[in-house]
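Engineer: Same order as they appear, the protein sequences are chains L and H. If you count by the numbering used here, then the first sequence holds residues 167 to 346, one letter each, in order. If you count by the numbering used here, then the second sequence holds residues -13 to 454, one letter each, in order.
Don't read these hints as lab results, they were simulated from the structure. Among the clues, some could well be false.
[To be verified] Reference listing, derived: stretches of chain L covered by chain H, where coverage requires no fewer than 3 residues with Cβ under 8 Å from a Cβ of chain H:
| hint | segment |
| --- | --- |
| 1 | 252 to 260 |
| 2 | 273 to 287 |
[Stated by the list, open to error] One side of the interface only, derived from the structure: several residues of chain H facing chain L at Cβ under 10 Å:
| hint | residue |
| --- | --- |
| 3 | Cys9 |
| 4 | Ser72 |
| 5 | Tyr161 |
| 6 | Asp395 |
| 7 | Ala436 |
| 8 | Val438 |
| 9 | Ala442 |
Note that the coordinates shown come from a computational prediction; the quantities given were computed from them, not determined experimentally. The C-beta atom is built at its ideal place from N, Cα and C for all residues, glycine as well.
Here is how the chains run, residue by residue.
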Amino acid sequence: MSWALPKEVEEKVDSLVGRYPQPRSAVVMVLHALQEHFGCISPEAIEWTARKLGLRPINVLELVTFYPMFRREPFGRFHLRICRTLSCALAGSHQLHRHICERLGLNPEKPGPQTSADGLFTVEFVECLASCGTAPVIMCNETQHEQMTIEQVDKLLDECRCKCRTERQGGLAAEHGFEP
Amino acid sequence: MPSERHLILKNIRKPGYSTDIECYLRHGGYQALRKALALQPVAQPDGTAIGPKEQIRREVEISGLRGRGGAGFSCGMKWSLVDRKSGKPIYLVCNADESEPGTFKDRQIIHRDPHQLIEGMIIACYANDVHLAFIYIRGEFIEGARILERALEEARAAGFLGRNILGTGYDLDIYIHRGAGAYICGEETGLIESLEGKRPYPRIKPPYFPAVLGLYQCPTIVNNVETLCAVKHIVDMGGAEYARLGTPDNTGTRLVCISGHVKRPGCYEIEVGKVTFRDLIFDEAFGGGLHDARQLKAIIPGGVSAKVFRAGEKVRVTKRAADGKMFETEMDVLDLPYDFTSVSAAGSMSGSGAIIVLDDSADMVEVLANISEFFAHESCGQCTPCREGSLWMAKILRRLAKGNGQPADLALLLSVADQIPGGRTICAFGEACSWPVQSLLVKFGDEFRAKVQATADKRPDRAFAEVQ
Ligand SMILES: Cc1cc2nc3c(=O)[nH]c(=O)nc-3n(C[C@H](O)[C@H](O)[C@H](O)COP(=O)(O)O)c2cc1C
Ligand code: SF4
Ligand code: FES
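Kindly generate the complete structure, drawing on both the sequences and the hints.
Structural biologist: This is the structure in structure tokens:
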């Protein structure tokens, strides 16, 4: 499969680059845009970004490997970020993490992000999400869920599954790479 | 009766208040900017004149405003250090990285009152001759970045941003720049490197003081979100009036984030120095006390980087008497006023305004293991003592917490913690990662020793090789 960037994304990238006195400054913003579109940062995306900004690929790769938010493999349809840090830990975030992992057949002791066998969920412990007053917090894709309990987590997982089923009927399954 | 004092949260707390510009304008928004832009040069007795920009900078100096990002450095002083003679452009960056664990105040402003921040920023930029500014927002604030983008567009459409702002001939653009999940981007020189498109490795000071050699080697001001909002209120009410709030070295209002074991965790705005830890933790207007039948055990006073206080601890602070003389006094830590000076006099810091309350259900070994895990994950890796030390501390604490520790571990832990700070690292992260370890080991040493002893009792035959 050849690597191609739709015109809208390239236009967005161009407008981002135009904000900065030096194109190199745009690199993280460009990587965000590419990851949003492709789901992860591939070697092609790194090459393309480097060419676009007049950098060497290593200048881009070293950022992809440094920043925790960039990933080089696609994640599941639902990305669950569970806050690991103190205020959330005091409010039980580690129990929530364990519960989620067990429900999805993942190993709660394993460090780093893990994706469930059906490819639906990627679960990850992250550091303080700046919402400690409403601990424990979990981000599901871009939405933040506060003061979570085991019951609410179960509901969230069910809702995600449910949403996915409706999406499949709408023909989005192929787009997300799901087998019926 | 201690109570909140709202300046920054004034509108946010109003029912029905929304983030769109019409709502902000209805609540008096952008009046401070209009006032700032309408200032005229003031003639001095010696025949010279003070320009409008310098007038604003003086008001900020008079206000006594101290930075709300962590260090509490005087904002007026920071601005006065900017190199205005280099001929290079001056940049301003709003630090919206908000990643110090326990801190969630900037989020309130960004999510609920973005125009307040933008107005403060425009004024700060005008006062410092800045024509291009950035808001560096942490990557996880996806919704926050969207809200700010929209607010910036509204401000542009209304003529508060862009070319020839409100017909004054002043040009300014502000852009959002998103981070991607690294705590060290909050450190101002790491932030600048990140904004230049490099790894966010903090720079060595000297020579890289941002006021002289910042973004693209140009003079740069880095201010926290809350600091920039305060600038708006200073222009609104005048620096002297602002300085009447709070206490002489700790003026104005401040957002305090209370989390952990209290009934009412949340973000509260106080007059600096007028409220004590006791008020913040126990009063109904703030934390509302501990959960039923629980006892206070410890207070983390300024984000997890701060040295911890033990409940019942007596602290020595210097105070100013009514006749102006300074005297030393001893008090219970709960009676300490919450301000930069008092908390640092008591041996810790109020940092980013984040108080984490721990009751007697907290296992201090687990608490410290959690904190150290954070630092081990977030060290940028440039300096050997910080990179290796933070990881060693986390590893030792992990095995202690799991009941695999051994007697020598405590001395080892302390020795590692003692070898990181003291100018051996490029940035203050080095200090930040060792302070919690040093303070918890001293103040809760019994708990650590008991944990090790329990392990030894259970497994007297255990060999060192087993430890992992
Ligand atoms: C490790 C480290 C992390 C920091 N994180 C933040 C942060 O998340 N937000 C912030 O405003 N300041 C942070 N700071 C402080 C900044 O370096 C800088 O002092 C501050 O943004 C200046 O703004 P102010 O003068 O308005 O407080 C951090 C400092 C260090 C050493
Ligand atoms: S002290 Fe730590 S975080 Fe700071 S520059 Fe050195 S290695 Fe990086
Ligand atoms: S500790 Fe979880 S949001 Fe801060």
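Engineer: None of the hints should be skipped; say for each whether it holds.
Structural biologist: Going through the hints against the structure:
no.	hint	in the structure
1	252 to 260	holds (count 4)
2	273 to 287	violated (count 0)
3	Cys9	23 Å, violated
4	Ser72	15 Å, violated
5	Tyr161	5 Å, holds
6	Asp395	21 Å, violated
7	Ala436	20 Å, violated
8	Val438	22 Å, violated
9	Ala442	25 Å, violated
In summary, the numbered hints that this structure violates are 2, 3, 4, 6, 7, 8, 9.
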